[in-house]
Amino acid sequence: MRPILLKGHERSITVVKFNFDGDLLFTASKDHVPSVWRSENGERLGTFNGHKGTVWDLDCCRFSRRLITASADASAKLWDCETGECIKTFTHSGPVRGAAWADGSNMFATISDPFVEHNARISVYDVPENDDPSTYADGPRLEIEFPKIDGKRVNATNIVWLNLNEALFVTFDNGSIRLYDPVTGEELDEFFPHEKKINRVRFNRNKTLFITSSADFTAKLYDVVDLLHLKTYKTDRPVNDAVISETKDHILLGGGQEAMSVTTTSGKVGKFETRFFHLVYEEEFGTVKGHFGPINALDINPNGRCYASGAEDGYIRLHYFDKSYLDMKDPVPEETVDGEDDVDDDDEEGKDDEESDDESD
Amino acid sequence: MSPNSSSSAADDLADEAASLDGYFSDAPLEPRPRYPPIDESFDRCVVISNLPKVPEAKYDKLAKVVQKLVSRIGNLASYDGGGGASSSSSSSDAAAAADPDGSFAGFFMPKSADDGVTAGCAFVEYESAGDARKAIEVLEGYKFDKNHSLRVTPHERASYLSTVTEGEFRMPEPEPFKERPNTMTWLEDSCQRDQFAIRQGKETAVYWSDGRSEPVVDYDGAREKKAGVNWCDYYVQWSPKGSYFATLVPNKGVILWGGKGFEKLGRFAAPGVNFVVFSPQENYMVTSNNNRKDPHAIKVWSIQSGTCLRTFPLYPKDFLDPNESEALEGGVPPPPFQWSHDDKYLARMGKDLISIFETPSMKLLDQRSLAADGIHEFQFSPKANVIAYWAPEHKNQPAHVDLIELPSRKQLRQKNLFNVTKCSMVWQESGEYLGVKVTRHTKSKKTLYNNLELFRVNEPGVPVEMLDVKDAVMSFAWEPQGSRFAIIHAENPSSTKVNVTFYDMYKTIELEKKKGKKGGGKERQIVAEVNLVETLEGKQCNCIFWSPAGRTVILAALGDSASGTLEFYDVDSKTLVIKEHYRANQVLWDPSGRTVATTVSQPIGGGHFKFAMDNGYVLWTFQGKQLAQASFEAFYQFAWRPRERLTSKEEIAIIAKNIKKYEKQFNAFDEAKKRKLRLQETKGKRKSRAEFRAVMARLGEWRARQKQERMELLGGYDSEDEENFTTKEITIETVLNTKEDLVY
Chain B
1 MRPILLKGHE RSITVVKFNF DGDLLFTASK DHVPSVWRSE NGERLGTFNG
51 HKGTVWDLDC CRFSRRLITA SADASAKLWD CETGECIKTF THSGPVRGAA
101 WADGSNMFAT ISDPFVEHNA RISVYDVPEN DDPSTYADGP RLEIEFPKID
151 GKRVNATNIV WLNLNEALFV TFDNGSIRLY DPVTGEELDE FFPHEKKINR
201 VRFNRNKTLF ITSSADFTAK LYDVVDLLHL KTYKTDRPVN DAVISETKDH
251 ILLGGGQEAM SVTTTSGKVG KFETRFFHLV YEEEFGTVKG HFGPINALDI
301 NPNGRCYASG AEDGYIRLHY FDKSYLDMKD PVPEETVDGE DDVDDDDEEG
351 KDDEESDDES D
Chain C
362 MSPNSSSSAA DDLADEAASL DGYFSDAPLE PRPRYPPIDE SFDRCVVISN
412 LPKVPEAKYD KLAKVVQKLV SRIGNLASYD GGGGASSSSS SSDAAAAADP
462 DGSFAGFFMP KSADDGVTAG CAFVEYESAG DARKAIEVLE GYKFDKNHSL
512 RVTPHERASY LSTVTEGEFR MPEPEPFKER PNTMTWLEDS CQRDQFAIRQ
562 GKETAVYWSD GRSEPVVDYD GAREKKAGVN WCDYYVQWSP KGSYFATLVP
612 NKGVILWGGK GFEKLGRFAA PGVNFVVFSP QENYMVTSNN NRKDPHAIKV
662 WSIQSGTCLR TFPLYPKDFL DPNESEALEG GVPPPPFQWS HDDKYLARMG
712 KDLISIFETP SMKLLDQRSL AADGIHEFQF SPKANVIAYW APEHKNQPAH
762 VDLIELPSRK QLRQKNLFNV TKCSMVWQES GEYLGVKVTR HTKSKKTLYN
812 NLELFRVNEP GVPVEMLDVK DAVMSFAWEP QGSRFAIIHA ENPSSTKVNV
862 TFYDMYKTIE LEKKKGKKGG GKERQIVAEV NLVETLEGKQ CNCIFWSPAG
912 RTVILAALGD SASGTLEFYD VDSKTLVIKE HYRANQVLWD PSGRTVATTV
962 SQPIGGGHFK FAMDNGYVLW TFQGKQLAQA SFEAFYQFAW RPRERLTSKE
1012 EIAIIAKNIK KYEKQFNAFD EAKKRKLRLQ ETKGKRKSRA EFRAVMARLG
1062 EWRARQKQER MELLGGYDSE DEENFTTKEI TIETVLNTKE DLVY
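Those sequence lines, one after another, are chains B and C. In this text, residue positions in the first sequence follow our numbering: the first is 1, and each later residue adds one. In this text, residue positions in the second sequence follow our numbering: the first is 362, and each later residue adds one.
So that you can see chain B by itself, here it is in the shape it has in the complex (with noise of 0.2 Å):
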């Protein structure tokens, strides 16, 4: 089907993303203005208007009553979704890189990027919903910073809350993924599932399962509970998102080549196509071509219906998926109570093309 073009942001795209009822779908790019969407038909609903710098990172409540945003001004804000109006700006040392909230949406974390003297850092807020704005305090309740290593500044990509507000997961530019107390700020693990700069990090709804985006080539499953690795998805392009199917045991991954080097090939070959992988299996068995720059951010619906990708070239592309993709089933068959049986042989065919049909303009 043909995709719904968002046409609405004027810079590269840095985020999208589904709330959790599925039903909008929030966008930040580098022209400074987060806006939102309807996800049935693409309608743009509103902007976020207020931030100087380019938007890193958004996130929406669990209800979708309030967003955070982070920014390379130096800030992040705090709105009401519904009015568009900034509720709070909390100032931060450097550009603030990414924000979530954490279980329950009374507080938040941001992290930021190291400028001038400062380090990088993790935030917490206390922004209890129940409360009246005017008393939320302008500093954060807690503050994180990540010193240097061997003299080298370290910057964190992504911050999630895990379940039950237990621990704040932080990614970082040098691969590590690292684990923080947030009420006491110690340090609780760290682990190096990628030898290069982790771009993104997504879990599943249940926070049972993430996946990791590198510049290394690669996107690797992980389970929460024990930090197991447990499958590896690889490209030969840096992977800039990557997330995971709440309907199926399907992973999208998006992703390009960097974007300096854009202009040194021609269009046809950058790979900026989101690609379908099969969730268990590691293999990828269609793509959807369309962008003209890398994909730099990715989310699928919750319902699983349609899936947004925001890339380099300043398009959202909005597609629901066909029906043929809908029906699909796993390409192994189930096992027959006899278990050693037959497999049908023509089952397989055609799988390729299942998705690459969907056309580019």
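Since the hints were made in silico from the structure, they are not lab data. Check the hints yourself; a few may be wrong.
Derived EDC-like pairs: lysine to aspartate or glutamate, alpha-carbon spacing no greater than 20 Å straight-line [claimed, not checked]:
1. K197(B) x E994(C)
2. K196(B) x E994(C)
3. K1089(C) x D21(B)
4. K1044(C) x E284(B)
5. K1048(C) x E334(B)
6. K207(B) x E1073(C)
7. K1046(C) x E284(B)
8. K329(B) x E1042(C)
9. K248(B) x E1052(C)
10. K207(B) x E1070(C)
11. K1048(C) x E335(B)
12. K1046(C) x D21(B)
13. K1068(C) x E166(B)
14. K1044(C) x E334(B)
15. K231(B) x E1042(C)
16. K1044(C) x E335(B)
17. K1048(C) x E282(B)
Partial chain B-side listing against chain C, Cβ under 10 Å, derived [what the hints assert, rightly or not]:
18. F20
19. G104
20. S105
21. L164
22. R205
23. D216
24. D223
25. L228
26. K231
27. D236
28. V280
29. E282
30. V332
31. P333
32. E334
33. E335
Non-contacting residues of chain C with respect to chain B, defined by C-beta distances greater than 10 Å in every case (computed) [unchecked claim]:
34. K507
35. P542
36. G711
Computed from a predicted model, the values in this text were never measured in an experiment. All C-beta atoms in this analysis are idealised placements derived from N, C-alpha and C, irrespective of residue type, glycine included.
With the hints as your guide, set chain C onto chain B.
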């Protein structure tokens, strides 16, 4: 001397000293007197042995010949009879024996006192130690005549040897026979698969490719990984018949592997090695480290014994102009060594000559190089001991292409060419034809044009045909084992659209049968005449790759500015399939012609960033269907394992006749294999799915345990409770447009 006399002598001396007291000083003389240093070494002297033993009558003649030979190396020392006192004792002894008057001319050949027969050796003294060393280097092993090759020993070594007492010679124990692994096992593969090796990142691996499905790993250096090392850190290379797999270790040398499981077969110490040339029959190997300062830059090895047969400097003597050589650092590539097809000869181009070395002695064939005035390039025929070389216009001589037979050095054919700018020679794989692409200029030297000189080498007299091509010819390639060739040409060499033309060396003409005979009809006759088969116009390609099986050709646009277009063209059925492998820089056919690989690789040690993207390879069938694809972060090398063509043309014809029978067998086999593979794959997938489901179940359980707490966080709201969701159906009616029509 008795102690008595010594004490009296001491007394005398003491007296004398007392009387001279005051005249002597212990102070050093100023200035110090200069004494010539006494040369006590014998390093200017050499002993030549294994000379012929001749009777007295022939003494002078032999002495003259030997003297002439040794004096070519350097000047011989000579002493007069009078001044003999200053010479060292050995040479003065020798001189005394040589000439009654005590003079010595640096050469002495002893003879028996009884019958005057020479002892078969000679003593030579040079003016400088350097000349003596040079004499050892040059004359050692020199073939003096048929039965005598000289041994040259430094004098000191010779005098040491003369003190060695003769013991009883005991045969050394022969080493117990160790069976070397069978290097041909891979050819016994039941599926007749081909192999290829890849180098990517730190990995080196050999794969099986069956021309139908994904390649399968045969060996990936698992043994080496266990030992904590990489199998190879540099380039790898197959030997021409595929028996050996060479891995290059730049600061150490070359290691050969082979047999089942790739066992280590040999190590060859060649520091700095960066490339290897195997001889076609796999008996020898040439290594080079490309270091122009190293007098042993190039080494020739015997593979079986592992011994170094001879070393060479990178450039032959006088090859580089001494004035230019410094400036051209790395500019002129060193002339490569080339092996003859049967491993008998190894040849290298020098200045105005080709040096041909015989194996295994590595001596110059007939002790002289093959004179080739102004030679620019030479090529061995791939199937016969014939050398083709060309030389540009030189000293009023026209440019010429020569075919020389070895070892007779008989000139089979010479073809003179005029107004030549450049030539390039291409042998057809079975050595039947030689194509020479000649780039010529007009008299004004402003415009260039091409023609092709085609030699039919196997026909008596080696007839040459000239094919005039008005256009610029960019590429020329023979069909392996066939009589056809293809050229890429265009009016303007820089144009993007080019034409590809196929020619055949034979022409089939149909003759009307003579009227007298029955049946009428036509009779076919094959004539040896170059014949244009077909021209494909407006192509975008710059390289031609014939399949080793002939018939199929890939026209590829490789390199920087090109798109990586691949056109698979069947010359017989004239079918064309166009594919693309973006940025491809190599096209490699497997030895059977079933599969072809296109690669995007980068040089080891990095290079320009533009090489670093899209690294990987794609495997295609000869019909242009993609079989497999692999991408790597850093892909360095792809190499098919070559193999010998073991079936003759007749055998192939028989197989072709019974193809139906074989086809059935193969199809059944393929089907069974496919099915097995599929079952196996399904099984594996089911297993991983079961494992994954177990993980998910565990995670689900874990999450369910948190339900109460989570609900508290959300103010008692349960996201999973369906009661909290209501479905409303709203129908919105929109009137798009109304139209009123009058109805009569």
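Here's how the hints hold up against the structure:
no.	hint	result
1	K197(B) x E994(C)	holds, 16 Å
2	K196(B) x E994(C)	holds, 13 Å
3	K1089(C) x D21(B)	holds, 15 Å
4	K1044(C) x E284(B)	holds, 19 Å
5	K1048(C) x E334(B)	holds, 11 Å
6	K207(B) x E1073(C)	holds, 17 Å
7	K1046(C) x E284(B)	holds, 14 Å
8	K329(B) x E1042(C)	holds, 17 Å
9	K248(B) x E1052(C)	holds, 17 Å
10	K207(B) x E1070(C)	holds, 15 Å
11	K1048(C) x E335(B)	holds, 11 Å
12	K1046(C) x D21(B)	violated, 33 Å
13	K1068(C) x E166(B)	holds, 14 Å
14	K1044(C) x E334(B)	holds, 11 Å
15	K231(B) x E1042(C)	holds, 17 Å
16	K1044(C) x E335(B)	holds, 9 Å
17	K1048(C) x E282(B)	holds, 14 Å
18	F20	holds, 8 Å
19	G104	holds, 4 Å
20	S105	holds, 8 Å
21	L164	holds, 5 Å
22	R205	holds, 9 Å
23	D216	holds, 8 Å
24	D223	holds, 6 Å
25	L228	holds, 8 Å
26	K231	holds, 8 Å
27	D236	holds, 4 Å
28	V280	holds, 5 Å
29	E282	holds, 9 Å
30	V332	holds, 4 Å
31	P333	holds, 8 Å
32	E334	holds, 8 Å
33	E335	holds, 6 Å
34	K507	holds, 67 Å
35	P542	holds, 35 Å
36	G711	holds, 45 Å
The structure is inconsistent with hint 12 alone, although it conforms to all the rest.
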